[in-house]
Amino acid sequence: MISAEEVTDEEKQAKEAERLARIFHPPEINDIISEVITEVVGQQTYHYSKVGEWHGNITEQVLQRLVGLGKGFKWIVTCVIMQKAGAGLHASHSCYWDAKTDGSVTYTYDNRTTNVVVQVHGVSI
Amino acid sequence: MSKLKGKDVPQEPNFQIRPPFSKKFKPGAVKELIATTLNDTLGGRLYDPNKVSNWSKSIADSVKSQVKTLGYDRYKIVVEVVIGEQRGEGVRMGSRCLWDSDTDNYASEVYMNDSLFCCTAVFGLYYY
Numbered sequence: 001m002i003s004a005e006e007v008t009d010e011e012k013q014a015k016e017a018e019r020l021a022r023i024f025h026p027p028e029i030n031d032i033i034s035e036v037i038t039e040v041v042g043q044q045t046y047h048y049s050k051v052g053e054w055h056g057n058i059t060e061q062v063l064q065r066l067v068g069l070g071k072g073f074k075w076i077v078t079c080v081i082m083q084k085a086g087a088g089l090h091a092s093h094s095c096y097w098d099a100k101t102d103g104s105v106t107y108t109y110d111n112r113t114t115n116v117v118v119q120v121h122g123v124s125i
Numbered sequence: 001m002s003k004l005k006g007k008d009v010p011q012e013p014n015f016q017i018r019p020p021f022s023k024k025f026k027p028g029a030v031k032e033l034i035a036t037t038l039n040d041t042l043g044g045r046l047y048d049p050n051k052v053s054n055w056s057k058s059i060a061d062s063v064k065s066q067v068k069t070l071g072y073d074r075y076k077i078v079v080e081v082v083i084g085e086q087r088g089e090g091v092r093m094g095s096r097c098l099w100d101s102d103t104d105n106y107a108s109e110v111y112m113n114d115s116l117f118c119c120t121a122v123f124g125l126y127y128y
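Protein sequence lines, in the order shown, are assigned to chains H and Z. Sequential numbering of the first sequence, starting at 1, is according to the working numbering. Sequential numbering of the second sequence, starting at 1, is according to the working numbering.
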């Protein structure tokens with residue numbers, strides 16, 4: 001027998017799910033990026049001839065999966081792949097948008113020879 | 001349409017789904033702006049790990065506020081800046097975007113000297 005409190009909890013969860021479907025939600029995007037990078041680059045060694053292919057695959061697959069989320073967003077996916085040679089790298093961004101609905105995620109990945117930084121910006125329409 | 005509070009709030013949606021040509025995001029103008037900012041901020045400087053993070057933030061903020069003065073009213077702006085040290089290593093930076101290609105566009109510029117490189121990209125996205 002469903003009590004009055006349980007029905008309210010379900011309603012609350014449904015409303016929360018609906019709200020999250022309309023706004024930028026970082027955890028699911030982090031999951032997408034980490035899966036794609038592990039699949040494309042994994043533990044491979046940096047090689048200049050492969051970088052172009054990795055880069056194209058990472059950005060395109062992340063974009064396709066973001067589109068698969070079915071949200072009303074325009075997406076920008078940027079990827080920086082760098083060889084580990086002891087050099088420093090700084091990435092920053094500045095955005096003019098509606099902070100309630102739009103957002104961005106930065107994900108870094110590294111293995112023994114490569115650094116990968118992926119930035120995803122989602123702008124609601 | 002309700003009145004807006006504050007100067008820098010993007011307008012609420014209305015029925016204008018395409019910008020007039022004069023208000024369209026123009027990559028050429030923005031590219032020049034980026035080039036000037038990069039030359040002014042980084043011209044002749046050496047890579048310094050303590051200062052680089054400040055430089056990248058200040059370039060991003062400065063480019064964003066200058067693009068706002070160009071008068072692209074209904075556009076949301078995203079500016080990305082990457083600064084790295086030049087040690088001969090391989091780097092690749094690029095993006096893929098899902099947007100409306102009639103209204104949205106981007107401009108990018110790279111600055112290099114002997115000790116550092118800086119890549120800046122500005123994306124303009126129309127708000128319907």
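Simulated from the structure, these hints should not be mistaken for laboratory data. Be careful, since some hints might not be right.
Lysine-lysine pairs mimicking BS3-like chemistry, simulated, CA-CA at most 27 Å apart [what the hints assert, rightly or not]:
#1 Z:24 to H:71
#2 H:100 to Z:24
#3 H:100 to Z:51
#4 H:50 to H:15
This one's a predicted model, so the numbers in the text were calculated from it and none came from an experiment.
Okay, the hints, checked on the actual structure:
no., hint, in the structure
1, Z:24 to H:71, "holds (25 Å)"
2, H:100 to Z:24, "holds (25 Å)"
3, H:100 to Z:51, "violated (32 Å)"
4, H:50 to H:15, "violated (45 Å)"
Of the numbered hints given earlier, the model fails hints 3 and 4; all others are met.
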